[in-house]
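Place chains B, C and D on chain A using the hints.
Number of protein chains: 4
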Amino acid sequence: MILILKQDAKTEAIDKLSNQLQEMGFIVQEIKGEHTHMLGLAGDTSHIDRDQFGRIDIVDSIMKVSEPYKLVGRKFHPEDTVIEIGGQKIGGGNFAVMAGPCSVESEEQLLSIARDVKASGANFIRGGAFKPRTSPYAFQGLGLDGLELLKMARQKTGLPIISELMNNDYLEEFERDVDIIQIGARNMQNFSLLREVGQLKKPVLLKRGLANTIEELLMAAEYLMAGGARDVMLCERGIRTFETATRNTLDLSAVPVLHQKTHLPVIVDPSHGTGYWHLVEPMALAAVAAGADGLIIEVHNAPECALCDGPQSLTPEVFHQLMKKIGKIREVIA
Amino acid sequence: MILILKQDAKTEAIDKLSNQLQEMGFIVQEIKGEHTHMLGLAGDTSHIDRDQFGRIDIVDSIMKVSEPYKLVGRKFHPEDTVIEIGGQKIGGGNFAVMAGPCSVESEEQLLSIARDVKASGANFIRGGAFKPRTSPYAFQGLGLDGLELLKMARQKTGLPIISELMNNDYLEEFERDVDIIQIGARNMQNFSLLREVGQLKKPVLLKRGLANTIEELLMAAEYLMAGGARDVMLCERGIRTFETATRNTLDLSAVPVLHQKTHLPVIVDPSHGTGYWHLVEPMALAAVAAGADGLIIEVHNAPECALCDGPQSLTPEVFHQLMKKIGKIREVIA
Amino acid sequence: MILILKQDAKTEAIDKLSNQLQEMGFIVQEIKGEHTHMLGLAGDTSHIDRDQFGRIDIVDSIMKVSEPYKLVGRKFHPEDTVIEIGGQKIGGGNFAVMAGPCSVESEEQLLSIARDVKASGANFIRGGAFKPRTSPYAFQGLGLDGLELLKMARQKTGLPIISELMNNDYLEEFERDVDIIQIGARNMQNFSLLREVGQLKKPVLLKRGLANTIEELLMAAEYLMAGGARDVMLCERGIRTFETATRNTLDLSAVPVLHQKTHLPVIVDPSHGTGYWHLVEPMALAAVAAGADGLIIEVHNAPECALCDGPQSLTPEVFHQLMKKIGKIREVIA
Amino acid sequence: MILILKQDAKTEAIDKLSNQLQEMGFIVQEIKGEHTHMLGLAGDTSHIDRDQFGRIDIVDSIMKVSEPYKLVGRKFHPEDTVIEIGGQKIGGGNFAVMAGPCSVESEEQLLSIARDVKASGANFIRGGAFKPRTSPYAFQGLGLDGLELLKMARQKTGLPIISELMNNDYLEEFERDVDIIQIGARNMQNFSLLREVGQLKKPVLLKRGLANTIEELLMAAEYLMAGGARDVMLCERGIRTFETATRNTLDLSAVPVLHQKTHLPVIVDPSHGTGYWHLVEPMALAAVAAGADGLIIEVHNAPECALCDGPQSLTPEVFHQLMKKIGKIREVIA
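Protein chains in written order, with our numbering: chain A, 1 to 334; chain B, 1 to 334; chain C, 1 to 334; chain D, 1 to 334.
Don't take every hint at face value.
Here are the simulated lysine-lysine pairs, DSS-like style, with alpha carbons at most 25 Å apart [to be verified]:
no., chain 1, residue 1, chain 2, residue 2
1, A, 118, A, 261
2, B, 64, A, 131
3, A, 70, A, 324
4, D, 201, D, 75
5, D, 201, A, 32
6, D, 32, A, 324
7, C, 16, A, 328
8, B, 64, B, 261
9, D, 32, A, 6
Covered by chain B, according to a simulated footprint, are these stretches of chain C (three or more residues, beta-carbon under 8 Å) [as the list claims (entries may be wrong)]:
no., stretch
10, 1-9
11, 172-183
12, 194-201
Worth flagging that the hints you see were computed from the coordinates, not collected in a lab. Bear in mind that the values here come from a model prediction, so they are computed numbers and not experimental data. The C-beta atom is built at its ideal place from N, Cα and C for all residues, glycine as well.
Isolated chain A (complex conformation) (with noise of 0.2 Å):
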């Protein structure tokens, strides 16, 4: 950490917080220049808030040099996370693809589109039993009947399942029956959350929140990984931007940003990272050709019923041709 001193400050102030920092443990070094005066600070700054130097008097500003997360980054892990469930891996060159309906609706349904994904090549099935609505009045999903649907699913079909966890409540359940828990992007800082479910010990999917940076998205996962996690997958699913064109904006440079700054696997939802069908297929390839690890993806067997779904969702036939592609720039990627 370096601390930019004002113009102004007079040497005992300087050196009675210099003396103050070294009693904390720091090794201090003053660096002066013609218009610039600062002091760096070598030690362990990690457990350092920022914000606790800011109302010093005679502090410009902060600069902080050294990550803050330890556990997520590659600086002390930097082999590639490699997660293995249910016979399938993901990370360190294993691309896994997670598909199936935004919302678990009836029995025939889901094993429908399980049945058509797991043929299309996908390694998981997804489906979501508590939804996160930002209407009171809309459907807010089957709940635990909707986790026995994806158990079924499961059973019938031999893919392990993924589903969103929503609060503390079914810990236990999701802890039980579910094989990947996913945090969704409006609980990506629900810090309680993230503590309990690292505490359960089992494989993780944490979607990056709307309005949060690459290094918001690690210290999340910090929280998991320090609560006893270690099977993390982080999602990229699109941020909030002024652009109106589409539902977020997919920031696929994250793929490569986080390869470089953890060893956790990456994966892409291009579905809500756009929010419409017709942009799933080119933007899942440009993930996988971003070297993505994995793609989550919904998937929708009704096109008769046109009130039924999403406008992000594809059809199980528009979900072959995509899984056909995948595995073609997977190659020329490799």
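Chains B, C and D alone, transformed into the frame defined by chain A:
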């Protein structure tokens, strides 16, 4: 709601859709121009998820006309909501200031600040017992011990207290002990928390999320009111933009926009909204001039301990001077 | 266009407005629901400024239905525009790569890079003669001398050249000497420049502004085409968001969105779009996978001179490897 | 400037770089911690482009410490700049209001509004002769005829005039005829325009670009002052964010931030900053309370012609009432 149809939509398909919509209970009207063709839907569309219409082949885009909220809207509740708590009123011309430390640290600290801000005219004591922290390694607040200190400060000063609730674990304690439950920005769309807090039917201060629109803030308040809450306050505390000179961009135009759309009181937080104590005074005064119903401000009393507090807290002296100016601006605005 | 009327709008006022609109040449239709009342306007509304309607007392809000652009839109020009320049084709399945140094520095530098990128398969030489710089004290480019060097490089390699025009002062020189005129991001809404460049009827590459929507990019291209230009290319080069890990957020979903809305070719700039050379390869490949018609990439040849060039330039060797992968992804996508 | 070195940087490479930097005239200091290693550069780094250092192999990241501007900064010019134009003063405690129509339309219109705003206490007449319009098909202003009308209004009322210059074509006319040259938001980084306008040495009002940081605004002003201008005013007029309830997000915290960093006067435009006339009054008052040195406000006089003007203009009556309240807030703030 209006459905804009694709240029090449066939008459039979339009008729089929029109019939489906009428069966759903809507009154459907066609609007036809040279280059555009639309269906206007009248009837109650507030429970409709516009995404449902997004997959219909012949629909190009959808426009929602009526507001998606009811209980929070001015449409059916034109007069201002006035909230009364422990003899203090907020809204409908009644102005309230909530002041205190960011985190509750000790009996001595809290009491000293509480007495100071009361003497300066504050109406409520604010203080964090549970703190949402970006890093799992940072101080997370005194927890229930902090609540006890707040209760003690209330007893000694007579001022009601406000504190942040971060999850469902302490609903009972907050219901019993706290006068206003604060929902933090990161939990604005923690829908299960909103639902459960709403059922307590206690006063709530709901902070706007860092990347949430004004409409989403109103929908989150709708969750609280749909749960049973009546005394809901909305709090503008800065949104996330590309600007880095301030910690957030305080969106003061949200104040008059909210006053137009809702009957609920609007509070402004210039401390978190700017992140720097020297910006708190100008932005607090600006908020009052813009018509805010109240302010929530961080005050700290330890100028001698440079490392104790954040860069956005005022000293009791600066707060005292600010309160005087606030009173005068209130007179101009009234 | 649809005018949403206020709830309390009186019948006479509505009739009066309706008559006014009909006198302006519109076909007006009323749509009336339980809670909403609208006027639908049919006829050519593309020249209407929706702000004009904003002061009408009885109007609550306005929705524009038809697109505000004509010449750039796919509606009236469904087939892809294919641009031919010096034997190189762009668009309609033809892929082009523009490569070269950020700034033209010397004959030796430019020729060496030009020969390298040609050998790797680039189709155009890019190089800045006039540089938009945030600081008035920074190097502003070689100016007309830089143009002369670019012409020389074209002569020696046979590759057409692209360079940025910053104002109306050098219209004549750019018309005569440059093959593609680049309009930079900061000039995307410099409407007088757009108008005059359009009149040259030369190929133009128009970069998206840092805070401009896709619709605004299309309207800027409409200026060029309304002036007389036909061979216009649109360039996604990153938008400004809250994320700081990359210099800009490269919005690759703009590629398929633009392909849907316009017949013009879409080029991606992964160098400025990310700001870091190690992100250029993954994002270049992602852009190709997303369906881009071309790339514009910075290449520099001075690894021994660490202080000569920006952090986003590739070495010729890295560029060469990238070009091979691009070719393979193109095959998968085709 | 501080160069953060990579963990694995070798001693010889660090020494080599350190020597290079010393040859460039810097004083170089090493700062070494357990996990970090930095080089601190002292000396004049204001002309350095930090990107130059980005390709150095052993450098991980760079931090700039001193401000990149000089002429506009308070550091070397601590007292407020006071601008005098035609007997009106702005800055250093002098408040000015610029009012008038968005576009100059006719002699009758302009004169009527000019007399009204003068009677209410405005200090300058604003009016657009050249209008930047998103669509090439929209009305682009009366051009030089509009300037003539503004001159006439100045003659009849005695108030100096301000109007927007969009390109270098009319430099001579604006130098001769206009009292304050306005540079619009879309031209804030039109560096050749800034350079040429600076050389006129006339008063300039520089609007902040829609996606420009406060530092970039200051750098654009630095262009004007480096060219020779002295009387430069900075104007906050709203930035682009995800919020859609207002046309832009008026960033009022820019007012105190600018006052801290620069000696130049700060003007606020609540008309463009919000986009709706009913938000102009609260935000104008808020701007005054935040410490603005002036306001620029759209006023229009044709309530009977509903389709003549934009949704953000005040009637002369509303403007008159606003001016009274502004005066009272000014008294509280002083």
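Hints, one by one, checked against the model:
This hinted pair does not check out: residue 118 of chain A and residue 261 of chain A have alpha carbons roughly 33 Å apart, beyond 25 Å. Between the alpha carbons of residue 64 of chain B and residue 131 of chain A the distance comes to roughly 22 Å, so the proposed pair stays at or under 25 Å and holds. As the CA atoms of residue 70 of chain A and residue 324 of chain A are separated by approximately 38 Å, the hinted pair breaks the 25 Å bound. Taking the CA atoms of residue 201 of chain D and residue 75 of chain D, the gap is about 23 Å. The hint holds against a cut of 25 Å.
Note on residue 201 of chain D and residue 32 of chain A: the hinted pairing is violated, with a Cα-Cα distance of about 37 Å set against a maximum of 25 Å. A hinted pair counts as satisfied when its Cα atoms are at most 25 Å apart, and residue 32 of chain D with residue 324 of chain A does not qualify at roughly 52 Å. Between residue 16 of chain C and residue 328 of chain A the alpha-carbon distance is near 63 Å, which puts this suggested pair outside the 25 Å criterion. Among the hinted pairs, residue 64 of chain B with residue 261 of chain B is consistent with the structure: their alpha-carbon atoms are about 16 Å apart, no more than 25 Å.
A threshold of 25 Å between alpha carbons decides the hint, and for residue 32 of chain D with residue 6 of chain A the separation of about 23 Å falls inside it, so the pair holds. Counting residues of the stretch 1-9 of chain C whose C-beta sits closer than 8 Å to any C-beta of chain B gives 3, which meets the bar of three, so the coverage hint holds. Under a criterion of three residues with beta carbons nearer than 8 Å to beta carbons of chain B, the stated coverage of the stretch 172-183 of chain C fails, only 0 such residues being counted. Counting residues of the stretch 194-201 of chain C whose C-beta sits closer than 8 Å to any C-beta of chain B gives 0, which falls short of three, so the coverage hint is violated.
The earlier numbered hints that this structure contradicts are 1, 3, 5, 6, 7, 11 and 12.
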